[in-house]
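S.K.: The chain contents come next:
2 protein chains.
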Amino acid sequence: MKQSELFTKTRREAPADEVAKNAQLLVRAGYIHKEMAGVYDYLPLGLRVIEKIRAIIREEMNAIGGEEVSLSALQDPEIWKATDRWSDEKVDVWFKTAFKNGGEVGLGLTHEEPLTRLMTDHISSYRDLPRYVYQFQDKFRNETRAKSGIMRTREFTMKDLYSFSKDKAEHDAFYEKAKRAYENIFARVGIGDKTYLTYASGGSFSPYSHEFQTVCSTGEDAIYVDDAKKLAVNKEVYGDEKVYEEMGIKKENLKEEKAIEVGNIFTLGTKFSEALGLSYKDAEGKTTPVFMGSYGIGLGRLMGTIVEVFADDKGLVWPESVAPLKYHIVSLGKEGDEISQLADALYNDLKNAGVEVLYDDRDMSAGQKFADSDLLGIPKRIVVGKDAVNTGKFEIVDRASGEVNKAERAELIS
Amino acid sequence: MKQSELFTKTRREAPADEVAKNAQLLVRAGYIHKEMAGVYDYLPLGLRVIEKIRAIIREEMNAIGGEEVSLSALQDPEIWKATDRWSDEKVDVWFKTAFKNGGEVGLGLTHEEPLTRLMTDHISSYRDLPRYVYQFQDKFRNETRAKSGIMRTREFTMKDLYSFSKDKAEHDAFYEKAKRAYENIFARVGIGDKTYLTYASGGSFSPYSHEFQTVCSTGEDAIYVDDAKKLAVNKEVYGDEKVYEEMGIKKENLKEEKAIEVGNIFTLGTKFSEALGLSYKDAEGKTTPVFMGSYGIGLGRLMGTIVEVFADDKGLVWPESVAPLKYHIVSLGKEGDEISQLADALYNDLKNAGVEVLYDDRDMSAGQKFADSDLLGIPKRIVVGKDAVNTGKFEIVDRASGEVNKAERAELIS
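Those protein sequences? They're chains A and B, same order as listed.
Adding 1459 to a residue's 1-based position in the first sequence gives its number in the working numbering.
Adding 1459 to a residue's 1-based position in the second sequence gives its number in the working numbering.
The shape of chain A in the complex, shown without the other chains (with noise of 0.2 Å):
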């Protein structure tokens, strides 16, 4: 990708209304746009990013059986009266609104419930079960507080899972392996090390659920975190030495750290299917409910993590694995010189090779292009001036450490 075909500028200054670093940035570097308080488009750097992000999810749910489908955000009232949620003393984050031929319709803010209904066409027996469903698919939620950039922000695409298991055995097996898939996916976009298995409350199915939470200094939630066991307990639970006996922990080996809550698994048991009659019959015949599990990310809220856990004072700073691109070449050539024919040439030689790559050729000072370069945040910066016209060797800058390495061109593209 050529810089001069990319419609996005990069702004020196952050907007006045943004205090949110990773929102800052990120509109700096022209990956979003805000249209209103909360409410964020992704311009072509930022939907990399983020299909980047849905490309490792979609991989380890499909990993642990996940079958995937969409489901539709304007949400029938009718199911969530069944489960009491439709209220807004109930819940507090509905938007609202109605058909032109009359009736009230809903949002959806997660799909238990049309999920739930949808199932009772598919499973009628235990022949039918286990079931793992998911989606990636906008949410709306309406929320008062809207200050923490794409990580709280009232429409937001998150990857729902749901499992619909025979019973409470079936379920915990796959729990268990969808925490697996989770830390799989908080490794590969590259926070795993950060990223603790938090206890949390639990419902009447189970005596807690877990969330995933990534330690950061600018994180809103606090968190009790174990750093040999590599476990953490939340502010709900935090004291409740039950759970510090249930997960082999001790209470003074606990520290508090600041941290952002990136995914929540949860056991919902039969709430949702005995309230929405989705049941199966069992080997006996008889009728039992189905037992049910939910499996949460949003995209942007993980996006925006990483852009606050390793951005520095220059800019963005993307691990390889969701870099919009891994490469970015910085010519410092003016048009049709000796400099800008080998960047153009290096371009096409990575192009070809199949390298995501990058390509400052826009006609802009050198020290631009290297403010630009930081702010982007693409893991690998390939600088092409007269020392590669001269010596054949290309500086190679890690955006991350600033390591300097030199590289000839045969050794880029292989």
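Just so you know, the hints here were simulated from the structure itself, not pulled from any lab data.
It is possible that some hints are incorrect.
No copy labels: a pair is met if it fits in one copy or bridges any two.
Unchecked claim - Subject to a maximum C-alpha distance of 20 Å in a straight line, what follows is the list of computed EDC-like cross-link-like pairs (lysine to aspartate or glutamate):
hint, residue 1, residue 2
1, K1828, D1587
2, K1480, E1518
3, K1839, D1808
4, K1709, E1679
5, K1598, D1535
6, K1559, E1695
7, K1745, D1551
Once you've looked at the hints, dock chain B against the given chain A.
M.R.: Only chain B this time, still in chain A's reference frame:
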């Protein structure tokens, strides 16, 4: 994909409330689920078709220089007031809702307004033009008519591209390119020979706009086609001799046909850029409004049209390019027998060779399996029965034509 691992089930009868053929068949085959009138979910096989269509459109949009973004559904009333499209008297398909902490908000029915405002951050000079920006994004339209299945819905994914040019000449050149890209798309999804570039009424900046209309007996539109020229006019401009002259067609050669609108392209001119302040400085430093166009395709509408055009009385019929999978292995064996072992081996071979294959490994009668296979509409059915065990040759049935061929394992894999 093993059919035993697919959660969706087929059903014999269409839901009583579905009148459109596309919805009847897609619901029966388990491709979609109806939430409410005009609101559908996409299930695994249906989502695969949508993703095939999306990939084709994306390739064609990238090939003409499109840059992909993703804008929010939630819409700021201010920009729609600026173009006089906020009031329900002017636009009668708004869904409107409100923020908890005050202020009305709309659900996007199209995206001229937000994208035009967004581009004011990135376009200031003639050097920044032209730009072509597109997205696949969910639109919301408060339709009172919703009886056409997935062809006219209240929530749907649309590919919408917007062009930003210096002047009409630059716009016109791109507009012609976009026409060709649209023709490529409709050809690639299998309806090229039935789809006509159709002249429709224009606006202040162009004598006409263009629709792409697919001839189909269940279509809601009437168009008048000149078969030899592969052109048509819609009702708005039918009888307008000036248009015929421009098109080089004669009234006496026109034939009325029923058709479905699968795409449209429109010259917007400076209507939106003037209202929202999107201008650039030309080479002489003169401030000039940007000249715009818009180019839309609804993904569900296109998928529904493909169903309407090709489906027969036995079920769906997918062109290979958009089929959820290419082959459907139907095993007539029982678990563990010779036939099943052969079918298993063939499935694994095809899967390992990267072929997209659905494998009916269920314990069910041959009659039921063939009926399901017809309903699902996968292009090539491979029958694995006694004959295959004895001869080493598989029967391959073409879903569209019913033609039967025989092939050995090695042929199938290559």
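S.K.: Each hint: holds or not?
M.R.: Going through the hints against the structure:
For the identical chains of this complex, K1828 and D1587 are inter-copy neighbours only, at 17 Å across copies versus 58 Å inside a copy, given an alpha-carbon limit of 20 Å. Taking the shortest alpha-carbon separations for K1480 and E1518, neither the intra-copy value of 30 Å nor the inter-copy value of 35 Å comes in at or below 20 Å. Proximity of K1839 to D1808 under the C-alpha cut-off of 20 Å is restricted to the intra-copy arrangement: shortest distance 16 Å within a copy versus 40 Å between copies. In this homomeric assembly, K1709 and E1679 never come within 20 Å of each other (Cα to Cα): the closest approach is 24 Å inside a single copy and 70 Å across copies.
Proximity of K1598 and D1535 under a CA criterion of 20 Å is satisfied in both settings, with 15 Å inside one chain copy and 18 Å between copies. Taking identical chains as interchangeable, the C-alpha atoms of K1559 and E1695 are never at most 20 Å apart, the minima being 44 Å within one chain and 27 Å between chains. For the identical chains of this complex, K1745 and D1551 are neighbours neither inside a copy (38 Å) nor across copies (51 Å), given an alpha-carbon limit of 20 Å.
The earlier numbered hints that this structure contradicts are 2, 4, 6, 7.
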